[in-house]
Amino acid sequence: MIRKIAYGAGAIGASLFAATAAFAQEATAAATDAATSAAAAATTAAATATSTLIAAPTDTAAMVNKGDTAWMLVSSALVLMMSIPGLALFYGGLVRTKNMLSVCMQVFMIVSIAGLVWACWGYSLAFTGGSTPFVGGLSKAFLMGVTGSSNAATFSNNVYIPELVYMVFQMTFAMITPALIVGAFAERVKFTPLMIFMVLWMTVVYFPIAHMVWYWAGPDFLAANPSDAGYLFQLGALDFAGGTVVHINAGIAGLVGCLMIGKRVGFGKEATPPHSLTMTMIGASLLWVGWFGFNAGSNLEANGVTGVAFVNTMLATCAAAVSWSVIEQLHHGKPSMLGGATGAVAGLVAITPASGFGAPMTSIVLGLLVSPVCYFFVSVVKNKLKYDDTLDVFGVHCVGGIFGAIATGIVADPALGGQGFFDYTKFPAVPGTYDMAAQVVIQIKAVLLTLVWSGVGSAVLYFIVDKVFGLRPTEEAEREGLDITEHGERAYNY
Amino acid sequence: MAAGNGTGRLQGAQMKFIIAIIKPFKLDEVREALGAIGVAGMTVSEVKGFGRQKGQTEIYRGAEYSTNMLPKVKLEIAAADSLAPQIVETIQQVASTEAIGDGKIFVLDLAEAVRIRTGEAGDTAL
Numbered sequence: 001m002i003r004k005i006a007y008g009a010g011a012i013g014a015s016l017f018a019a020t021a022a023f024a025q026e027a028t029a030a031a032t033d034a035a036t037s038a039a040a041a042a043t044t045a046a047a048t049a050t051s052t053l054i055a056a057p058t059d060t061a062a063m064v065n066k067g068d069t070a071w072m073l074v075s076s077a078l079v080l081m082m083s084i085p086g087l088a089l090f091y092g093g094l095v096r097t098k099n100m101l102s103v104c105m106q107v108f109m110i111v112s113i114a115g116l117v118w119a120c121w122g123y124s125l126a127f128t129g130g131s132t133p134f135v136g137g138l139s140k141a142f143l144m145g146v147t148g149s150s151n152a153a154t155f156s157n158n159v160y161i162p163e164l165v166y167m168v169f170q171m172t173f174a175m176i177t178p179a180l181i182v183g184a185f186a187e188r189v190k191f192t193p194l195m196i197f198m199v200l201w202m203t204v205v206y207f208p209i210a211h212m213v214w215y216w217a218g219p220d221f222l223a224a225n226p227s228d229a230g231y232l233f234q235l236g237a238l239d240f241a242g243g244t245v246v247h248i249n250a251g252i253a254g255l256v257g258c259l260m261i262g263k264r265v266g267f268g269k270e271a272t273p274p275h276s277l278t279m280t281m282i283g284a285s286l287l288w289v290g291w292f293g294f295n296a297g298s299n300l301e302a303n304g305v306t307g308v309a310f311v312n313t314m315l316a317t318c319a320a321a322v323s324w325s326v327i328e329q330l331h332h333g334k335p336s337m338l339g340g341a342t343g344a345v346a347g348l349v350a351i352t353p354a355s356g357f358g359a360p361m362t363s364i365v366l367g368l369l370v371s372p373v374c375y376f377f378v379s380v381v382k383n384k385l386k387y388d389d390t391l392d393v394f395g396v397h398c399v400g401g402i403f404g405a406i407a408t409g410i411v412a413d414p415a416l417g418g419q420g421f422f423d424y425t426k427f428p429a430v431p432g433t434y435d436m437a438a439q440v441v442i443q444i445k446a447v448l449l450t451l452v453w454s455g456v457g458s459a460v461l462y463f464i465v466d467k468v469f470g471l472r473p474t475e476e477a478e479r480e481g482l483d484i485t486e487h488g489e490r491a492y493n494y
Numbered sequence: 495m496a497a498g499n500g501t502g503r504l505q506g507a508q509m510k511f512i513i514a515i516i517k518p519f520k521l522d523e524v525r526e527a528l529g530a531i532g533v534a535g536m537t538v539s540e541v542k543g544f545g546r547q548k549g550q551t552e553i554y555r556g557a558e559y560s561t562n563m564l565p566k567v568k569l570e571i572a573a574a575d576s577l578a579p580q581i582v583e584t585i586q587q588v589a590s591t592e593a594i595g596d597g598k599i600f601v602l603d604l605a606e607a608v609r610i611r612t613g614e615a616g617d618t619a620l
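Protein chains in written order, with our numbering: chain A, 1 to 494; chain B, 495 to 620.
Bound-form chain B, shown alone (with noise of 0.2 Å):
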């Protein structure tokens, strides 16, 4: 999906993609702090998966069932380079409950952005 006229386009743009596993009930939380600080958009979606935390156990009439994968719920933010750190600070900061599930960020550069309504591409796009 290579942008068509290429005019928006800011060759070299420096930008980065982060994606965020937090704890559900967090979710608000960041939202509210990350528009504090300018992030203008994120995607979010809800996941399951493991880490370090345990599963639960949950009892049906006597029959055991333990799950091992934890509902998460999961951010994708694109952003500037120079809004990053502070990006992944806030998230740090306020999704913390300092117990372990309290999830990972993880930071990848970002090749490309384009706006599919207007064509921009580059952080223009964001």
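The shape of chain A in the complex, shown without the other chains (with noise of 0.2 Å):
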């Protein structure tokens, strides 16, 4: 979500979208010609622009724009439709009917909960400068100052979106990655304890994590105090929508959760095929149309780059679906719905951090690599290794997330028609100069650090509600099914 073309440095900006599109495209010659005048009349309108722009502005309520709060707030509308009802159907359709509203109970009340934690302290511990770049300050707790006329930075010089927009977009990644978690360990979960973990998980990893990689004072204010931000925003790591924050946070997590929760009762034993593949397609269907609010909305505004990001986040969907489901043709004979939903959400998992920076036709190509690869660690690894990662959060969603991750400092290179990344040290922003094996390297850097910060954390905390509340319940009620023992009703009475 970090570094890209900003607005006001708009003659640069365009040019270098014209450019992308030259390379991506094999532009015809009357495609150049109107990217090249697209370009003359943007240098025009930045040359104006360019003279006017304020430094560290103290009043910014003029520099906010209707179309981008309006984008802003139905992208948050449509995170919240990723969790409830996308997650919790894909989710709930691949478990057995007598947990299905065990796992859609645990992601409502997640992302109810989350909703309640990031307003009273989890928006100001990610969002505001901390005495570390590794956790925000309590400033904003409770939304102190956060009103009505208080606006915060997009990634252009000069544009601003009104903070409770902010917020409350930032709001919903906060409930959709706990979310993640449970599909680890589903069916197998007190749902107390569950909800318990989930509070301390928030403050002590994610929180932290979405401070280190998405903080910062904004371009208008960078390049005046350099350190204002975050650790791994410092450090240069790319990460448009958040693949190391949502994606590989939430999957190393739901790990270690379901290696110290063990496996299910009869694990390998009994059969344990989903319940209704039908809830599963429409569950990932809704988190594909979510995910254009994830990651096009990670812009914070609605412009050329959030095309991109829209664009991208389509074309390695529709990859990463063929891609596993020609793999399964291949392996099984038979291309199953399951194999294509599955597909899909690594596709959309894949190119999350790589939305804003990479091209259309690089997409293409991340989206049909990555699902070999969770295909190997869902079906292959998995088995051989004899996890019961119940919905395969870690082989969808932190492998594919590791892959997007990476790969997203090949994508993001000019010379592969990506959008590169803005050194925000200088006002006004200016393109970074982009050194490819450099930026992988940061991005492996950015990766580890999440493992360790999340793995590690994850599981203290599992250990502690676990000797604390108990997380597992009772083989009786494991095998009752958690709907009836947990919630006190079932999912269908036909």
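Keep in mind the hints are simulated off the structure, nothing from the lab. Heads up, a few of these hints could be off.
[Unchecked claim] In silico lysine-lysine, DSS-like type, Cα no more than 30 Å apart, as pairs:
#	chain 1	residue 1	chain 2	residue 2
1	B	LYS548	A	LYS98
2	A	LYS98	B	LYS510
3	B	LYS510	A	LYS269
[To be verified] Chain A stretches covered by chain B per the calculated footprint, using a threshold of three residues with CB under 8 Å from any CB of chain B:
#	stretch
4	361 to 372
5	377 to 385
Backbone N, C-alpha and C define an ideal beta-carbon position, used for all residues, glycine too.
Assembly of the complex is requested from the two constituent chains, each provided in isolation within its own frame, with the hints serving as guidance.
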């Protein structure tokens, strides 16, 4: 979500974008003409704009755009739709009938609780400057000072969105990330202890990682105070919409959880086929639609780069769904609906960090390649190592997230049609010099830090919550099904 | 559940109870053919079982499950002796696909039948 074309530096932005289009699309003469004239027009506009840019503005009211605001509100609602009902149905369809509601309820309540936690202390811990670059402070706890008239920075000089809009957009990310984790130990966890775990996990793991990757002073302020940013931001890690913060983070927490909570009763002996792949297909499709809010919304503005992120998200997902189905056709002779849906989600995960950085054609390559990697993990590695990651949170989200995060370092290279990055330590921002090898190393560092922070943090929290409250239901309750034993209801009464 | 008054009862009535296990998609065809030869009613249930037909393999993200029990439809028909051979023949012909898994027909002697509404018994109750 970090660095990209600055709106204020429109001339550079437009010409870079034109170059991107030319590279990736083998532009026809007509297209080139159009791009050139667009760039020329932008140059004129930018010449005027640049002269009036204000560093560290004190009054940002006139720098808020109605179109940006509207898009961000829509995006926030789209990301909520990913969690409920998208993720709840995607996961719910994959468990057995007796556990359907437990999964739906876990996702639904995590979303609700995360919203409250975010407003009370999450937003502040993630998005204020702290005494360390690892976590924010409490100056905006309980939304202190966040009002209808305060504004938040975007990625462009002198462009702002209302801070409440930014806050609620980021809130929806804090809702879905913990909800992703529950798939790893679905069908075998007690509800209330899980909710307590999630409050702790957000506080100790999610908010610090969101802060490290996404917090920064903003394009009008960073030049004056270059250290006012999260640790991974300062390192130069690129994560457009949350490959590290959301997917690797949740994926590794899921793996640790499924190992510490243990295998389901009868794992490997009893058949545990999905109870409704229809639900799973509906859920995966809602995830796909909602993901446009997630990825394109992460641009924080409605402009050309938003379009890039949108199209990249679309194409990578199509490619990954196709390649997963092709692999199944080759391996088992039959392409399954579950495979198609899983491939689509793997593609969405992989393109997330790269969505605003890559180009349409490199996004297709990214999508084609992520499915074989994830397929290998969910159908070969998992069976060999015999861990019971019920719904493949690790195999799809963590593995796909790592693949995407590292690939972002490659596809962002302007030499491959990527968007490159902007150097916000200058005012106004200027394009940075892209070094692919160095960027990939930075990406790997960000992945490793996320894996360690989330892996260790999650392990400690699972241990504590298990000792104090107990995470695992009795064997009898697990056999009966969590819908009845934890929630006192059945999903289906025919 | 002996019939209360026994008046409508035909002692020694000759009836058969026919149980047929068939492929589910053949149900409508069989029902139509039986209706055409005068069968007035039947009971149908969805059942699972196995015979010579092999099960199916299902694969979910690489996890393979073989299902040994296949879904079938079970028909239960009570009929007068005179009609029974024709019923059996009709089911056999209509339900056949000439492949394994087409099912079986069992014929039992039926000792008694009572219509609950009227108390009629024997083959008049059918």
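Now the hints, each set against the structure:
Using a Cα cut-off of 30 Å, the hinted pair B:LYS548 and A:LYS98 holds, with the two alpha carbons roughly 28 Å apart. A hinted pair counts as satisfied when its Cα atoms are at most 30 Å apart, and A:LYS98 with B:LYS510 does not qualify at roughly 42 Å. Proposed proximity of B:LYS510 and A:LYS269 is contradicted: the alpha carbons are some 44 Å apart, above 30 Å. For the stretch 361 to 372 of chain A, the stated coverage by chain B is violated: 0 residues have a C-beta nearer than 8 Å to a C-beta of that chain, whereas at least 3 were required.
Chain B is given as covering the stretch 377 to 385 of chain A, and this holds because 5 residues of the stretch bring a CB closer than 8 Å to a CB of that chain, at least three being needed.
Comparing the model with each earlier hint shows violations of hints 2, 3, 4; every other hint is respected.
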